[in-house]
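Let's have the full structure, built from the sequences with the hints guiding it.
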Amino acid sequence: MDDEPAENISGGESGGGTISEFDPTAADTRAEGIVDRLGELYWQKTYGGQDAFECLVRTVLSQNTSDKASQPAHDALMERYGRDNPGDLAVALADAAQDELAETISSAGLYNQKSETLIRLAERVIAEYGGAAGFDGFVKDEAPTEVRGALLDLKGVGPKTADCVLLFSGGRGGVFPVDTHVHRIARRMGLAPADADHEEVREYLERDVPAGKCGFGHTAMIQFGREYCSARKPACLEDPDACPLADDCDQLGVYPETGEVIDPSEAPER
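For the sequence shown, my numbering assigns the number 89 to the initial residue and increments by one for each residue that follows.
Hints may be right or wrong, so weigh each one.
As the list claims (entries may be wrong) - Cut-off 30 Å, straight-line C-alpha distance, at most; resulting in silico cross-link-like pairs (DSBU-like, lysine-lysine):
1) K156 - K321
2) K133 - K321
3) K228 - K156
4) K133 - K156
5) K321 - K243
6) K243 - K228
7) K321 - K228
These are calculated hints, taken from the structure and not from any lab test.
Below, the structure is given as structure tokens:
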């Protein structure tokens, strides 16, 4: 997409996480082999350690928009309510005027809805965990299934948002968040059924990719989607050799002979 930055903000040298070494020569599943190749193409990282409430805020801002739009909104929010206002970010947002918060995060799109969501989440975090610090401890210390269930119980938090908090804050191995890129690519490549929804794709990937590789599998697959396997013009459409993973892709819904690209769920069975 033209409005995306060149690099996934979760990858590269400045995107957080720590470099993780792995042996790509002994993949047990096709999905693991593809993740290994993505890791060699981009980065291999272990994630975790981000402040849980800030991670939740950042992921809400990223909903239905690009990094290029959400990152400035996150930075503006943190300048106004976080880093330059010492204290508890949840308290700061719970006390924020909704119209002012909406103006602050306007670059993220859907800013009225997102500002209402952030204030509501901040109030809930204070009521149930005593504030951002208590929420951070809960996310990092409690069982992943309990944390995921609690996150999904928060209005405005869906599976992808919950999984991103578990991954980037809790550092939970085996969590493979599924955004639109991952959902498209996993089905197009044949790593999950063509008609699988987001949750089903997550189940297939978490089943077939080792826990330690799920984090960078998620971020590297997003980068691959931006650079090669876009929704409308995948690299293989005009030149199969232009895609570094073309030799291990089912190309479901992609028809180079006609130039047609459709959702994998609409492709006839092969």
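Problem - Restraint status (C-alpha distance of K321 to K243 at most 30 Å) - result: violated (35 Å)
Problem - 30 Å Cα cutoff - pair K156, K321 - result: holds (20 Å)
Handout entry: Pairwise hint evaluation, K228 against K321, where the allowed Cα distance is 30 Å at most
Key = violated (39 Å)
Problem - Holds or violated: K133 to K321, with C-alpha atoms at most 30 Å apart - result: holds (28 Å)
Handout entry: Proposed proximity, K156 with K133 (alpha carbon, max 30 Å)
Key = Distance ~22 Å between K133 and K156 Cα, so the pair holds.
Problem - 30 Å limit on alpha-carbon distance, applied to hinted pair K243 and K228 - result: Given that 30 Å is the threshold and the Cα spacing comes to 21 Å, the pair holds.
Practice task
Would you check the hint for K228 and K156, treating anything up to 30 Å between C-alpha atoms as holding?
Solution key: holds (28 Å)
Hint compliance for this structure: hints 5, 7 are broken, all remaining hints hold.
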